[in-house]
Amino acid sequence: MSRVEVTVNGKPHDAEVEARKTLADFLREDCGLTGTHLGCEHGVCGACTVLLDGAAVRACLLFAVQATGHEVTTVEGLAPPGELSPVQAAFRDCHGLQCGFCTPGLVVSVTAFLAEQPDPDDAAIRDALSGNLCRCTGYQGIIRAVKQAAGQA
Amino acid sequence: MNTAPAGRFVGQSVKRREDPRLLTGHGKYVDDVAFPGMLHAAFVRSHMARARIVSIDVDAARALPGVVAVLTAADLNAGAGTMQPTMLLNDAANAPLRPLAEADVRFVGDAVAIVVAENRYIAEDACDLVDVDLDPLPAVIDFETAAADTENLVHPEKGTNIAQQSAFPLDDAWEAVVAGAAHVVTETFYQHRQTNVPMETRGIVADYDPGSGELHLWMSTQNPHEARAAMARVTGVAEAQVRVTAGDVGGGFGQKFFTPHDELVVALAARRLGRAIKWIEDRRENLIASNHARVDRSTCTVAVDADGHILGGYIDNLEDCGAFPVGSTGGVGPFVGMLFPGPYRVPLLRWKSTAVWTNTCGRGAYRGPWMMETVAREQMMDAVARAVGLDPLELRRRNVIHASELPYTTAMGFEYDIVTPEETLEQAVGLLDYEAFRSEQARAFAEQGRLLGVGISLYIEPSSMGSMEPLGTDTAIIRVDPTGKVVVSMGTGSHGQGLETTMPQIVAEELGVALDDVVLVQGDTASTPFGRGTGGSGSAVIGGGACRDAAAQVRAKALEIAAHLIEAAPADLELVEGVVSVRGTPTRTLPFAEIARVAHLDTARLPEGYEPGLEATASYTAPPFTWSNACHVCAVEIERDTGLVRIDRYIVSEDCGVMINPMVVEGQIAGGVVQGIGGVLYEHFVYDDDGNPLTTTFLDYLIPTATEVPDIEYGHVETRSNTPGGHKGMGEGGAIGAPPAVFNAVADALALVGARVTRQPLGPSQILALLP
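Those protein sequence lines, which keep their order, are chains X and G. Numbered continuously in the numbering used here, the first sequence closes out at residue 136. Numbered continuously in the numbering used here, the second sequence closes out at residue 785.
Please note that a few of the clues may not be correct.
[To be verified] Dumping the calculated BS3-like pairs for lysine-lysine here, alpha-carbon to alpha-carbon at most 25 angstroms:
#, chain 1, residue 1, chain 2, residue 2
1, X, Lys(-6), G, Lys171
2, G, Lys28, G, Lys41
3, X, Lys4, X, Lys(-6)
4, G, Lys28, G, Lys365
5, G, Lys171, G, Lys41
6, X, Lys4, G, Lys41
7, X, Lys130, G, Lys28
8, G, Lys41, G, Lys498
By construction, these hints were calculated from the structure, which means they are not laboratory data.
Okay, chain X solo, but in the shape it has when bound:
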């Protein structure tokens, strides 16, 4: 067993876990934060995307122990309880989700992207979204949502 000391959504978590436990499983099982979803467990679909010190990472490709000493933000930590962040609100306004399973990863990815690139063009938006798979929406509403969140619509 190995020690994990990590801050998640502003709260310290301190636990003994197997060294092989993924960050995604740690967040879901040990922190009770089930908004981080597992769609492929091989780093392609992006459903498990979280912020590690502000950068978007795949929680299925990191071990929990690797997060020690870092700050993790999950989808649950993007807005105060009962509220939607501007990105989340834009997804709702633009019908950027249907089944909702890929949505947390997309919202987190877009949040990180717009923090880096506040006024992206269409190609940059599509490129940024290409690391997250969605099977329901055909990406139509998602692309509109990013534009709205960037203040372009």
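Put chain G on the given structure of chain X with help from the hints.
Relative to chain X, chain G alone:
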């Protein structure tokens, strides 16, 4: 044309009430269900397509600390009930399903053993320790030769690899049509192996309580009541003691409509062990062992006169249904045959359909299970146009059914009552400016050698089929609580369609209350009436019909109570936004909440003979068919250097009758279209000649990303159907219309350089091989 005015709620793009919880990570999917002491399962699966099981050694796995059980066929199969679905039960034709492989394995992924352990990590460790000794046999992989193979049988007990065969055979009438035709065109088209790929894989938490005898199953399912019936049959637990709960469901596209094999096995294990067991399918399992779809070959013959008018059509369809088809599929061929004419006048139709078993993953429902009728027909229309020397648009204009011909009875006897194929065709080509595109195509090729192409696809979708009982009926229970809030309970299984928003839109409209005062309860068999689940483009028409009827009954009761309380005639009252008023006397009002309060808490004031409470139950059975229709137009450019297809325009003009929520309608169209685009251009599940799967990750099985998709343009033609709300089902349509539109566009571009194409997929390597 009978167009529909938007209502107060119906017809409005209301924002979805599902969204806040899903956007903030507070959705409740099956993997989010957890109990203290819950165990975790993983499957040991066959690594060969067809083999005799020599031995299964589970000793090392059982000895691993943390392993609770390793179960094989010897432990689980005896006493298990039938695994066939309830709805469309067809034991005779179906494959011999069994919980775990017994004497042999029949596809790569066939479940051989189930390991149950304290956590998933240990369960997977133990799977690696199970030693399955297999003696390989020649596998049946090529579906085109499977029927003739009498030596190597997927299911030896069946004596044949032919799962299903039926026909309306060629005869003298057909020969006469052919003899009198100016052109007789025959072509063969293929679809290749694809799979649904919901972003949430399958999953279940099965909890059998030996004390109470209750089996409670939390599942990712589109159809909780079907799952309940299936679970009761398989496990032998009385249906009254089986409860299925579906929370949020992360997509299905048909995969989760019938209860799949592996979930049934997990429930059997839970019953046997008397413990709660969670199984969450991993992506590799989902790709190789959930269900596949679309492996079809259609040879079509169409006879036309000198002007291109269709005189008759014949389609010979062959489908690969794998080893263990899921649910009612593996025999959709007759629909391919009967629906082949689609939106065109086809005076004479003949068809043949064959389904074969192969040692591959079973075929399952995938968004438009028999859409090969549209793929074959629309690709054939272009082939006929080329043979006759007409533009594909002109050939369609000459053959498409006009509004003046309705109701139109097809050669198979189906009656199209309210459809608009010609209107959607003209709207879609108008949005493109087809003539301008043709000019630009010619100019770009002549001046720059660029390959532009346009493809058209029309279809008529038999949505919400009342002819397929029990899939044609839904029931809604509407209960008004004492504060006046309205709870609608239904057996639907929304998995992205937004029913929590759209069903309340219907109820609020019909009942006359505020939208925020109506909530939908679904997904739990303990709190909902039996229903058909969500699939087959059915919930708007069928579930919506039940909602509308139940709401009307509640409204009538409420008005009778109100009439009694304020001493007015019920006919003089109206109920709008939760307030009853006397027409013409706006000062005489009564809040709906007060009626609800009296009905529950002040019952002495109810009219004589009135039962306390305010509720109604209504069932609705749809007509045999509720036809929706659409036209897809796709414009592409092929990069000659790379073989890459770029979609420049994608237009859908559809008629789904009265739209409940246009935002949701367009979302459904977009999702289906992109699945169809993916199917033609990117997605391809590949087996080698021995039946080994080669595309077992998202690096190999490529679904579209945001960089590949076009901006989809929409046109709407809105004609009321003959159902209570005037709706027509449309959830599958995008995925039905898109593949041939994309294919025809690519074929049109390739024709500029004399290249011909009949097969998919159309990835860069295939395109480069076709280019001269």
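If you test the structure against every hint from before, which numbers come out violated?
1, 4 and 5
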